[in-house]
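Undergrad: Now for the letters of each chain:
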Amino acid sequence: MNHPEERVNALDIRGLRLHLPGAARPVLDGVDLTVAPGETVALVGESGSGKSLTSRSALGLLPPGATTGGSVLVDGEDVLTMGPDRLRALRTGRAAMVFQDPRAAVNPLRRIGDFLTEGVRRTGVLGKADADRRAAELLDAVGLGPELLRRYPGQLSGGMLQRVMIAGALMGDPVLLLADEPTTALDVTSQAEVIALLGQLRERFGTGLLFVTHDLGLAAAISDRVHVMYAGRIVESGPAEALFERPRHPYTAALLAATPRLDARPGRLAAIDGQPPDLRQDLTGCAFAARCPYATGLCHEEAPGPWPVACHHPLEGNPADD
Amino acid sequence: MNFLRFAARRLAEMAATLLGASFVVFGAMYLAPGSPASFLLSGRSASPAALQAINEQYHLDDPFLVRYLRWLGQVLHGDFGRSITYRTDVSTLLADRLPATLTLVAMALLVVVMIGLALGWIGAVRGGATDSTILLTTTLAVGTPSFVAAVLLQGLFAVKLGWFPTSGTGDGFADLLWHLTLPAVALALYLIGMLARVTRSAMLEALDGEHVAVARSRGVPEREVIRRHVFRNSLGTVLTTGGLIVSTLLVCTILVESAFSIGGIGQLLELSTSTKDFPTVQAISLLIVALFMTVNLVVDLLHPLVDPRVTLGARRSEA
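Chains R and X, in that order, are what the protein sequence lines are.
Sequential numbering from 1 applies to the first sequence in this note's numbering.
Sequential numbering from 1001 applies to the second sequence in this note's numbering.
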């Protein structure tokens, strides 16, 4: 892995465990993940795999009653031990998130300018004039005009609103940008625009980007490295291209096979048989064993070792040392 | 659609509605049992000549439509006729009594809005035992009719403790406010409960919105999140309820003014109904209808300010 220079990682998650009341096993079970400044890392998985929880933990957004272990360092500081004031400072400054559905994420009753500036204005980081100037600059950076500041969300298309959302996330000049399925709620053309825009902005502002998606193809297209997540664990990690061309974990392979392709012959879409494991049941062995065509007795008894490939029987030979 | 066109159309609608209301108001008096003549004679047997004179003075022998049109013509010129009981012009009578009623309604409205919003806000934001207490109290308030509240408040604060006068309107403005405090509270109690509950549930609904979680995730301080995203977003519901509240105040003031002997429009309506003083009843009824419609118009005009997604006249196909 090529870090451009030895700086403090934008995001450094070490052995993150997260337990919810009423669940038999941790929702996140020892997640390790880093995002260097200026780097794009994708976190891929099904619904319920824990990918959104992982990214939200970077802002200290934990579900009520959650208990945690491990550490989540943003720009070198542990989010899990922060008090409310530090957390607020983190959220208006070093880390910000772009949410899935901009229509739901932006208050329809307040103007766009209000949405963009409220984080920095209400915490006294910037005065009104400075905040407005910065908002106009960032609107320009995402390809929108300053006249939008006076508009209401209802007057904008979904794609425009997601650009506004991205501009809003950049207001505090963050070192870490979290994008939680930022294109899922958009139409296809807007999706491509938003993806291209995120790439440009990362280069221009040097922001580390953690891109959460269920779309492995999209993840490979945008990111330097990809982590595949299943049932609260990272099962495979690696450079996007290698992972896409030559998946080692049976789950990654199954996920790739389940991605609908334009060049495929028409017919039934491939799907992964079975369901992800129930949170109410404890797990022994590999979480994917029940759905895995290659599973053996060992897989049901013993949890596989850590990444790059958390599998007893990785595809294409032995778990090689990359 | 522009504001002036909308307002003009609504005013035309109001005029048409008022015309219809005037017909109903005028007709209803004649459907009710008893006649003004028999009240004027107050049970005494009168000579046919005296009866004839009364009928002529009030045009009671003319056909219904003729009487209605004559009355309507006078009303359009601002002349509501002469009160049978008070023997003065009804318009003078109304002008004398309107200030007390309007002051009372305004005071009650102020109390309702301040306390109702505060209770709803606290209940929604605090939750837990505070919320339960507020829910219980407001349930009691909603279950207490204003005339019952009037008697209870009079008994406790006026008779027993002697903090406030039991009745009347006093002399001068400050004295008026002092005299109107208990009546305003009696009038407000039920509506405080209603507004508190509406505000609470609207805020709880707004609290669930994703944009609230997003605002928190962007580091907006909690107090500001509640003010700018939760309370602000419940204002539409509060405004709609506000129209209902003012209308209810206008009706309930009849009962409360009678209970506290306040010489306002409400008490006048009650007295003139029981004495079949029909010009006065007709004038007050029309006035109340007009006030109702004005309140609705104001609510409709304010709505786009509270919610930018609402455009004036959008419920019409032309929008």
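Don't read these hints as lab results, they were simulated from the structure.
Please note that a few of the clues may not be correct.
To be verified - Only pairs whose alpha carbons sit at most 25 Å apart, straight line, appear in this in silico DMTMM-like list of lysine to aspartate or glutamate:
#, chain 1, residue 1, chain 2, residue 2
1, R, K128, R, D140
2, X, K1276, X, D1089
3, R, K128, X, D1307
4, R, K128, X, D1096
5, X, K1160, X, D1175
6, X, K1276, X, D1096
7, X, K1276, X, D1131
8, R, K128, X, D1175
9, X, K1276, X, E1013
Undergrad: Would you check the hint for K128 (chain R) and D1307 (chain X), treating anything up to 25 Å between C-alpha atoms as holding?
TA: holds (24 Å)
Undergrad: Between K128 (chain R) and D1175 (chain X), is the straight-line Cα distance small enough, at 25 Å or below?
TA: Violated - the C-alpha atoms of D1175 (chain X) and K128 (chain R) are around 46 Å apart, more than 25 Å.
Undergrad: Given the hint that K1276 (chain X) pairs with D1096 (chain X), test it: the Cα-Cα distance must not exceed 25 Å.
TA: holds (20 Å)
Undergrad: Within a Cα-Cα threshold of 25 Å, do K1160 (chain X) and D1175 (chain X) meet the stated pairing?
TA: holds (20 Å)
Undergrad: K1276 (chain X) and D1089 (chain X): Cα distance at most 25 Å?
TA: holds (16 Å)
Undergrad: For K128 (chain R) and D140 (chain R), compute the direct alpha-carbon distance and say whether it is at most 25 Å.
TA: With Cα atoms ~18 Å apart, K128 (chain R) and D140 (chain R) stay inside 25 Å; holds.
Undergrad: CA of K128 (chain R) to CA of D1096 (chain X), is that 25 Å or under?
TA: Distance ~51 Å between K128 (chain R) and D1096 (chain X) Cα, so the pair is violated.
Undergrad: Given the hinted pair K1276 (chain X) and E1013 (chain X), is their Cα-Cα distance within 25 Å?
TA: violated (31 Å)
Undergrad: Quickly compare the C-alpha distance for K1276 (chain X) and D1131 (chain X) to 25 Å and report which way the hint goes.
TA: violated (49 Å)
Comparing the model with each numbered hint stated earlier shows that hints 4, 7, 8, 9 do not hold.
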